[in-house]
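Using the hints provided, position chains E, S and H relative to the given structure of chain W.
Chains as they are written, first to last, in numbering that gives the first Met the number 0: chain W, 0 to 310; chain E, 0 to 310; chain S, 0 to 310; chain H, 0 to 310.
Keep in mind the hints are simulated off the structure, nothing from the lab.
Small disclaimer: the values here were computed from a predicted structure and weren't measured.
Among the clues, some could well be false.
The list makes no distinction among identical chains, and a pair is therefore deemed to hold if it is satisfied within one copy or across any two copies.
[What the hints assert, rightly or not] With a straight-line cut-off of 27 Å between C-alpha atoms, the simulated DSSO-like cross-links for lysine-lysine are: (1) Lys53 / Lys86; (2) Lys53 / Lys171; (3) Lys286 / Lys275; (4) Lys275 / Lys39; (5) Lys97 / Lys247; (6) Lys78 / Lys286; (7) Lys79 / Lys286; (8) Lys53 / Lys78; (9) Lys39 / Lys86; (10) Lys39 / Lys79; (11) Lys97 / Lys86; (12) Lys86 / Lys171; (13) Lys39 / Lys78; (14) Lys79 / Lys275.
Number of protein chains: 4
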Amino acid sequence: MWWIESSRTDLAVERATMVQQREGQIPGIQSSEQDLDGIKITRVQVLTPQAAAKVGKPPGRYFTLECPQLRYRNRALLKKVADVISKELSELASLPRKGDVLVVGLGNWQATPDALGPRVVAQLMVTRHIRDYVPQELGGRLYPVAAVSPGVLGITGIETIDIVRGIVNQIKPELVITVDALAARSPSRLLTTVQIADTGIQPGSGVGNKRPGINQETLGIPVVAIGVPTVISGASIAADVLDAYFSKFNPHARATLDSVQDFLGPDLFELMVTTKDIDVQIHEMSKLLASAINHASQPAITEEEMLDYLQ
Amino acid sequence: MWWIESSRTDLAVERATMVQQREGQIPGIQSSEQDLDGIKITRVQVLTPQAAAKVGKPPGRYFTLECPQLRYRNRALLKKVADVISKELSELASLPRKGDVLVVGLGNWQATPDALGPRVVAQLMVTRHIRDYVPQELGGRLYPVAAVSPGVLGITGIETIDIVRGIVNQIKPELVITVDALAARSPSRLLTTVQIADTGIQPGSGVGNKRPGINQETLGIPVVAIGVPTVISGASIAADVLDAYFSKFNPHARATLDSVQDFLGPDLFELMVTTKDIDVQIHEMSKLLASAINHASQPAITEEEMLDYLQ
Amino acid sequence: MWWIESSRTDLAVERATMVQQREGQIPGIQSSEQDLDGIKITRVQVLTPQAAAKVGKPPGRYFTLECPQLRYRNRALLKKVADVISKELSELASLPRKGDVLVVGLGNWQATPDALGPRVVAQLMVTRHIRDYVPQELGGRLYPVAAVSPGVLGITGIETIDIVRGIVNQIKPELVITVDALAARSPSRLLTTVQIADTGIQPGSGVGNKRPGINQETLGIPVVAIGVPTVISGASIAADVLDAYFSKFNPHARATLDSVQDFLGPDLFELMVTTKDIDVQIHEMSKLLASAINHASQPAITEEEMLDYLQ
Amino acid sequence: MWWIESSRTDLAVERATMVQQREGQIPGIQSSEQDLDGIKITRVQVLTPQAAAKVGKPPGRYFTLECPQLRYRNRALLKKVADVISKELSELASLPRKGDVLVVGLGNWQATPDALGPRVVAQLMVTRHIRDYVPQELGGRLYPVAAVSPGVLGITGIETIDIVRGIVNQIKPELVITVDALAARSPSRLLTTVQIADTGIQPGSGVGNKRPGINQETLGIPVVAIGVPTVISGASIAADVLDAYFSKFNPHARATLDSVQDFLGPDLFELMVTTKDIDVQIHEMSKLLASAINHASQPAITEEEMLDYLQ
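So here's chain W without its partners, still in its complex pose (with noise of 0.2 Å):
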């Protein structure tokens, strides 16, 4: 089915979608929906491997949040989806915790739209090697975060896996928080979309690829994955186009196409697809999200302490 193999996505919501319109409901996958005031939420549920297969994503519970209007900056807007993220994020990763959190910021700083997990880590309220030292009257109050962005294979040559595991052989923590970019098919998940995984993540997860994952089977320990789609890939928007060419034009003629790789050139599988103003828009997540795992993280410290601890 080229309309789905062309479709990378990480977002569980998309794979499950694609594959439900395709198949109709699929046994062992439990999902809900919920509206609150213009932000929607859905909870995916992959309840056995059989599933799981068949969506192309573990085990495990997905929550997502869409909101459109989330790429116009609206302050009070902002805040509310900072709020839903950081309680579900308290919810799943049982937050705050007395032992050692480690939040782990994937992807490449140089690379804008890769640059998400980075840029959280940098605004994290990191207090494991100060928890000690703090006055009085804030130490008692604070959890023990530590932050690290291992890089990527291409500039580090270690597996990202290996380093994580290393560090978190070292110094014990709990549970890992990872924060990544993400792959979705439709544009309109552009910096709209955050979903929160308790699967931990696969990188460059796909047929074939044999990398290991960041999750409690290789670490040991829970690892919750935060992530938001930046970039689709050029093949998903090509099928994304002739979808909707085929769905208003031509039913018919979706199923006589077998492949896309055959007449589409090459460099097309070789782009990316994001926002014209991709730079603003990570900057603005990033803040969001370092602010939603900052108030999961150390629900005692007020927002005021938080900005005068932070730059």
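This is chains E, S and H only, laid out in the frame that chain W set:
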């Protein structure tokens, strides 16, 4: 014609080709091609106002260099391409000149794909202010070059032409060279094509756009524009994909389509398409263009002396 | 007098104090002090050319705010300081104005301690180009502001005054506000002091420097200069250290010293002294100044509306 | 002895000289000097624990290259210096090696003078992950190199040694090379001196500092440390100035001084001193060190091949 209208491109060679595919040879347009060991050179001359209206580019000479291998950063090839550009620029701009040359880096240095102009400016050998102070043996061989990056309207609140005109009125250069990131239609052109035109530039060119250009008419001196495609619009990619589909499977269907806006969501039109490694590509291309401009402006300074002078 | 000559400072208050320590009260200089809950405000007026020659600053009004706590980033204090600056700026610059205000960010954005001006400009609410396009309810309350970062002579090859004059001649603003990083003499002043003067600025001020200033004389309109000390020269630090030594141990030795150049190596004079966390300090101070300028320029826009508008 | 205590320096050659000036020849320290056309090379060996205690540096070999002309960016000289460093590094670190070499870029990439390590890492030829994928003709000649920039304690909340140890335990390299920005005492040493030591490094070295080092003892494998002075502390500058004053005018007064802390304000101790063009200097020095490490690690790869591979 949807596949033209939805295909914004700043490349004269792409526009001429699209129109010719539809209407055949256009009167008032001359073009010639040349191949230099894998570097394809096209010279297009728009001779009449009628031809200009048809291709949507002002009358003048457009030099285009295409080199698909450029993305792979082979030093020997980069050097050869820089030499070709330097030579062509010398001819189109009558370099070197005894009078001041002002290089203008257009675009927004905070948005990677739009930062090409400011990045080139940052690597130029700027000499206008030092001619009288450098050692005798260098000074006698230096030609005066100045350079500015005026920013973009959204950040300055001032039309770029007004900033450039103001500076030109103060320092009275003989020539302006602009450097800018362009939009192309075809993915294969991204970061592999360089256009040099003696027509100056038309910011945000398009139907109904009445913003004044940066050209001989508005500045009173020759303006040579160097540009490299760094992005494709979402709409162009859609047109490209549909075009490829029709060509292969359904040539007649092409004519039945009126507009792509009807069935493609508005989000697509807010997107830009670029290469996955755009950060690296902009870095490399800015070095290449700066080197070409430096050599055309300062033919008496050796490569070694230039590297010593620059960082 | 070595301890004055080797002490380059752009702060009128420091220069006046140094001269007064030596010569007593200076005719033609008026000054008053005020304390606002830990914020010290000094107003110096240089009234005569003779006084100007003595203190090495042109005649005019110099407002100086000092707040040692500013480095520690307490939100409430930052807000109070921004309010004081905003109010003083409104008075010195007669803001808001119906005519265009042009803010000029001086300095080099690639050199951290010199990047203050360009960083402030990047965070301003620039409105000159949008007044006619924003929603009615906002538009009626907006005053026109433009902003540029002209770069520095070493990078452009053009005297900054020429760039600014060219732009002023084109857009005819009513007022120019410059923002610049300054040199101080005393370590305690770095990033804790803000100077606002209605005299404009004198680039690289010092004996024998004949570069034209950016002021009413050269531009024909009022120029208000905002500056913050971000560096101390190596020579000033040396003078400061020797001064402290003499004061404590050997008051008479001070007079026996002719020049520090004699026994201090030339390397010292190529150095700059700044705070260890200058990156963070510049970030914070640029936010503070941008906020103060925004509020002085747009008094009818609420804090909330401004945050929505800005990133 | 105030002029030693207030003079933090990471350079063994400076520490040895200061101690020798006071006490004469130190037993257990061997040193030799060499001049190579304007490049001064000093080799210091700290042989005994007693000598180590005296100079405050662990036993081992310290190679120091000094070249005052280095700041002026002459290509030929940069090349010669890179060759000397590359050769010395090959010897001290037994390069090339068939087993993995891990390069660790220490410091904070967001603070310019501290960004040297991360900047070097960003320009290394990292090969550990690609040896099996590159073309045959290149692959056979490649040695495996990995590289990380672990960040600093204030940003990660984790001691750097813990991050490095974790990664070393995972990937089991044969050797670690650290790259770090150092503090010097003398202004003339900034960005003109390179130290290579087979002792690893001691973070924030100083009296009473108990933070674990990054060295053979803590990692179990050889650690070679490359460092370049990029800053001087405010206290060192003060000591340097007073020292120069006493030497010239008042040799006896030196002994009467107990401590500089008494009469110099605390602000001075929060300052750093660096060159005015530190941004450019860090850029150049990081290219030089990366080139030297690349050539030492990959002796079979030509200059041309390396430039093609790198950006």
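Evaluated hints:
Within a single copy, Lys53 and Lys86 get their C-alpha atoms no closer than 30 Å, and across copies no closer than 57 Å, so neither meets the 27 Å cut-off. For a Cα distance limit of 27 Å, the shortest separation of Lys53 from Lys171 qualifies neither inside one copy, at 35 Å, nor across copies, at 38 Å. For the identical chains of this complex, Lys286 and Lys275 are neighbours both inside a copy (19 Å) and across copies (24 Å), given an alpha-carbon limit of 27 Å. In this assembly of identical chains, the alpha carbons of Lys275 and Lys39 lie at most 27 Å apart only when taken from the same copy (24 Å versus 30 Å across copies).
For the identical chains of this complex, Lys97 and Lys247 are neighbours neither inside a copy (55 Å) nor across copies (52 Å), given an alpha-carbon limit of 27 Å. In this assembly of identical chains, the alpha carbons of Lys78 and Lys286 lie at most 27 Å apart whether taken from the same copy (11 Å) or from different copies (20 Å). When the C-alpha separation of Lys79 and Lys286 is checked against a cutoff of 27 Å, the pair qualifies both within a copy, at 13 Å, and between copies, at 24 Å. For a Cα distance limit of 27 Å, the shortest separation of Lys53 from Lys78 qualifies neither inside one copy, at 36 Å, nor across copies, at 51 Å.
In this homomeric assembly, Lys39 and Lys86 come within 27 Å of each other (Cα to Cα) only inside a single copy, at 15 Å, whereas the closest approach across copies is 43 Å. For the identical chains of this complex, Lys39 and Lys79 are intra-copy neighbours only, at 12 Å inside a copy versus 39 Å across copies, given an alpha-carbon limit of 27 Å. Within a single copy, Lys97 and Lys86 get their C-alpha atoms as close as 18 Å, which meets the 27 Å cut-off; across copies the closest is 46 Å, which misses it. Taking CA atoms no more than 27 Å apart as the test, Lys86 paired with Lys171 passes inside one copy only; the shortest distance there is 25 Å, against 41 Å between copies.
For a Cα distance limit of 27 Å, the shortest separation of Lys39 from Lys78 inside one copy, 15 Å, qualifies, whereas the shortest one across copies, 35 Å, does not. Taking the shortest Cα distances, Lys79 and Lys275 sit within 27 Å of each other inside one copy (25 Å), while across copies they are farther apart (33 Å).
When held up to the earlier numbered hints, the structure conflicts with 1, 2, 5, 8 and fits the remainder.
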